[in-house]
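Chemist: Go ahead and model the full structure; you've got the sequences and the hints to work with.
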Amino acid sequence: MTALQIIFILVAAATLGAGLMVVTSRNLIHSALWLVVALFGVAVFYVLLQAGFLAVAQVVVYIGAIAILIIFAIMLTRRIMDEDSPTFNANWGWAVFVALIIFGALTWVLTSWPGISQPMAELSERSDPLRQLGAALVSPSLYVLPFELASVLLLAALVGAIFISWERK
Amino acid sequence: MIPLSWYLIFAAALFSIGLFGVLARKNAIVILMGIELMLNAVNVNLVAFWRYRAPEMIAGQAFAIMVFAVAAAEVAVGLALFISIYRRRNTVAADEIDLMKW
Amino acid sequence: MLDPINAIANWLQNLLSSWGLESGLVNFIMILIGVLVVAMTVLVLDILLVWVERKMVARFQDRLGPNRLGPFGLIQPIADVIKLLIKEDITPEGADKVLFNIAPVMALATVLIIWAVIPFAPTMLGASLNVGVLYIVAAGALGTLGILMAGWAAHNKYALVGAFRMVALVVSYEVPMVTALLVPVILARSMGLHDIVEAQAQGGWFILFSPVTALIFFVCTIAELGRAPFDLAEAESEIVAGYHIEYSGMKFGMFYAGELLHALTMGALIASLFLGGWHGPFVQQVPILGVVYLFIKAFFVYWMYTWVRYTVPRIRIDHMMSLNWKFFTPLALVMVIVTAILDKLMTGLPGWIYGLGMFSANVLVAVITINLLRTYSQKERQRVAEPRPVAQADLAKAPGSGD
Numbered sequence: 001m002t003a004l005q006i007i008f009i010l011v012a013a014a015t016l017g018a019g020l021m022v023v024t025s026r027n028l029i030h031s032a033l034w035l036v037v038a039l040f041g042v043a044v045f046y047v048l049l050q051a052g053f054l055a056v057a058q059v060v061v062y063i064g065a066i067a068i069l070i071i072f073a074i075m076l077t078r079r080i081m082d083e084d085s086p087t088f089n090a091n092w093g094w095a096v097f098v099a100l101i102i103f104g105a106l107t108w109v110l111t112s113w114p115g116i117s118q119p120m121a122e123l124s125e126r127s128d129p130l131r132q133l134g135a136a137l138v139s140p141s142l143y144v145l146p147f148e149l150a151s152v153l154l155l156a157a158l159v160g161a162i163f164i165s166w167e168r169k
Numbered sequence: 001m002i003p004l005s006w007y008l009i010f011a012a013a014l015f016s017i018g019l020f021g022v023l024a025r026k027n028a029i030v031i032l033m034g035i036e037l038m039l040n041a042v043n044v045n046l047v048a049f050w051r052y053r054a055p056e057m058i059a060g061q062a063f064a065i066m067v068f069a070v071a072a073a074e075v076a077v078g079l080a081l082f083i084s085i086y087r088r089r090n091t092v093a094a095d096e097i098d099l100m101k102w
Numbered sequence: 001m002l003d004p005i006n007a008i009a010n011w012l013q014n015l016l017s018s019w020g021l022e023s024g025l026v027n028f029i030m031i032l033i034g035v036l037v038v039a040m041t042v043l044v045l046d047i048l049l050v051w052v053e054r055k056m057v058a059r060f061q062d063r064l065g066p067n068r069l070g071p072f073g074l075i076q077p078i079a080d081v082i083k084l085l086i087k088e089d090i091t092p093e094g095a096d097k098v099l100f101n102i103a104p105v106m107a108l109a110t111v112l113i114i115w116a117v118i119p120f121a122p123t124m125l126g127a128s129l130n131v132g133v134l135y136i137v138a139a140g141a142l143g144t145l146g147i148l149m150a151g152w153a154a155h156n157k158y159a160l161v162g163a164f165r166m167v168a169l170v171v172s173y174e175v176p177m178v179t180a181l182l183v184p185v186i187l188a189r190s191m192g193l194h195d196i197v198e199a200q201a202q203g204g205w206f207i208l209f210s211p212v213t214a215l216i217f218f219v220c221t222i223a224e225l226g227r228a229p230f231d232l233a234e235a236e237s238e239i240v241a242g243y244h245i246e247y248s249g250m251k252f253g254m255f256y257a258g259e260l261l262h263a264l265t266m267g268a269l270i271a272s273l274f275l276g277g278w279h280g281p282f283v284q285q286v287p288i289l290g291v292v293y294l295f296i297k298a299f300f301v302y303w304m305y306t307w308v309r310y311t312v313p314r315i316r317i318d319h320m321m322s323l324n325w326k327f328f329t330p331l332a333l334v335m336v337i338v339t340a341i342l343d344k345l346m347t348g349l350p351g352w353i354y355g356l357g358m359f360s361a362n363v364l365v366a367v368i369t370i371n372l373l374r375t376y377s378q379k380e381r382q383r384v385a386e387p388r389p390v391a392q393a394d395l396a397k398a399p400g401s402g403d
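Residue numbers (this note's numbering), protein chains in the order written: chain A, 1 to 169; chain B, 1 to 102; chain C, 1 to 403.
Hints are computed from structural coordinates only; laboratory data are not their basis.
Careful: at least some of the hints might be erroneous.
Stated by the list, open to error - DEER-style ranges, computed between Cβ atoms:
(1) C:Ile-353 x A:Glu-167: 45 to 55 Å
(2) C:Glu-93 x A:Val-152: 46 to 56 Å
(3) C:Asn-27 x B:Ser-84: 46 to 56 Å
(4) C:Lys-379 x A:Leu-154: 26 to 36 Å
Claimed, not checked - Here are some, though not all, of the chain B residues that point toward chain A, as calculated from beta-carbon distances under 10 Å:
(5) Pro-3
(6) Leu-8
(7) Ala-13
(8) Ser-16
(9) Asn-40
(10) Ala-62
(11) Ala-64
Cβ atoms here follow ideal geometry from the backbone N, Cα and C, with glycine treated the same way.
Modeler: Dropping the structure here:
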């Protein structure tokens with residue numbers, strides 16, 4: 001058991017616990033704040049995987065924008081928050097069943113796959129993943145088209161969100 | 001050294017938790033949060049595969065960034081829809097939004 | 001002896017190694033000590049900041065300020081801290097207890113973690129992150145969360161309104177701020193703060209290359225700090241104290257300390273990004289001087305914040321949003337595009353031509369902007385000055401017909 005493995009287990013337990021709290025907590029604000037904890041745990045995993053840029057982008061995009069947006073939406077639709085109506089719908093038993101089946105199936109498929117025991121590939125000293133990522137996102141032979149599409153998608157979402165939530169006078 | 005399988009099993013567990021939230025919760029905003037958890041699980045997989053299998057190709061990280069963009073767009077439009085529905089119907093419970101049902 | 005911090009660090013490292021500890025453990029202890037030293041230094045400075053702030057506002061308002069306790073009233077902040085410590089610690093009845101108590105910690109901690117990436121001297125920096133600039137934005141995002149938690153947990157309408165205002169402000173002003181951050185990144189060709197400062201030490205301070213960006217960044221950080229004229233979040237005359245209305249004793253003290261420290265932190269950040277950080281005369285020979293230079297620059301920016309704070313009145317929230325979305329965001333985008341194009345065109349030219357080109361482009365952008373603003377403000381003035389009809393009953397719209 002190395003120090004890294006202990007860190008992994010602690011962070012994984014915290015993240016999964018937070019994830020469970022997100023989907024089971026009655027109080028929606030608590031749900032959203034547990035979501036922040038879970039997202040932060042995922043950011044720690046990116047650090048462990050030496051993807052520093054993604055870790056920081058995860059905090060900026062998910063916690064700084066998405067989680068805060070969700071908390072805003074919860075506060076704006078506040079009436080249902082302290083209500084005594086059931087948290088889960090009638091199918092929650094089936095939902096547990098399906099989730100467990102999916103988890104079991106995924107684990108089974110993964111463990112029976114030979115590539116699972118592959119050791120971590122060496123990250124060569126010369127290559128800088130950050131520089132590589134930046135170049136890949138704008139090079140015509142790689143991802144410039146998806147990158148532009150993503151920007152168009154974001155613009156469309158911006159316009160759409162404003163249009164939908166606009167209060168017509 | 002952390003084995004690759006740990007990351008994959010962790011991601012599978014996170015995905016299942018998110019799936020449970022999507023299937024079982026009444027509140028539409030929590031369903032959206034469940035979808036975020038599922039997208040994050042996928043991202044962990046993408047980055048883990050990038051790191052363990054092909055660190056010289058940047059595909060895993062580039063796809064994770066695309067997922068970020070899609071998630072941000074989805075949340076923006078989704079929450080705008082919920083707020084709009086809340087204004088008209090005074091609810092965000094997913095099973096009460098049934099205008100199109102009959 | 002010219003670099004005492006590293007000398008002490010080396011001595012300590014050798015001492016720990018000679019005790020037969022593992023190298024991993026020694027590193028861990030060294031990092032822990034480093035973190036503690038930086039955090040403690042900054043927190044002690046924070047106590048001093050209370051005095052600096054009070055003394056400065058007193059000068060601006062033609063008063064004397066604290067002057068009874070100790071020389072120049074220097075012991076006053078200690079008395080303030082003791083007062084806060086012995087006050088009753090109240091948690092309101094309807095509050096969300098856990099969140100209510102975590103929020104002040106978040107507010108202070110998210111400010112402290114920014115100091116991890118600020119380079120103090122050529123040989124002294126905490127973490128040499130290659131995404132340092134983004135890390136700062138991330139820390140700001142976490143700080144926003146702390147404010148939102150404080151506002152919600154207090155179970156008070158004023159607190160919630162204050163938190164809403166603050167978050168709307170911070171999230172909006174983050175857009176031009178991050179865009180403006182790209183300009184030093186383009187100029188230094190790195191996102192690491194250490195590389196940015198290094199590039200300025202070699203090529204000249206970035207405020208000379210891009211004064212317009214520095215100004216945008218400065219104003220955006222004022223908004224991020226929530227200081228006047230952007231202090232709608234606490235606007236005493238409207239919503240009493242905003243998100244920390246229900247806090248008392250040391251929990252309030254932590255918000256207060258976090259606010260003051262945030263201002264100094266942003267000062268150090270602007271110093272590192274635009275004013276050359278630790279760069280100054282003789283700094284290569286005597287690295288410890290870098291710390292002095294950095295703090296002189298940081299306190300200069302802090303003084304500018306205070307100057308703005310006590311000079312400009314609070315602006316209305318819709319004006320603030322228009323200022324952000326219609327002025328600063330487009331201007332920051334223009335600056336990024338202009339800088340990127342010029343940088344591409346002028347790569348390889350000697351440094352002084354490069355600098356001169358950048359500077360003149362900035363002057364050009366500034367002149368065009370000021371002219372556009374002039375036409376706009378003239379139109380606006382005419383629109384406001386036009387006599388408006390006296391209010392009349394709107395007969396076309398009978399009561400009940402509108403939705």
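Chemist: For this structure, which hints from the list above don't hold up?
Modeler: none
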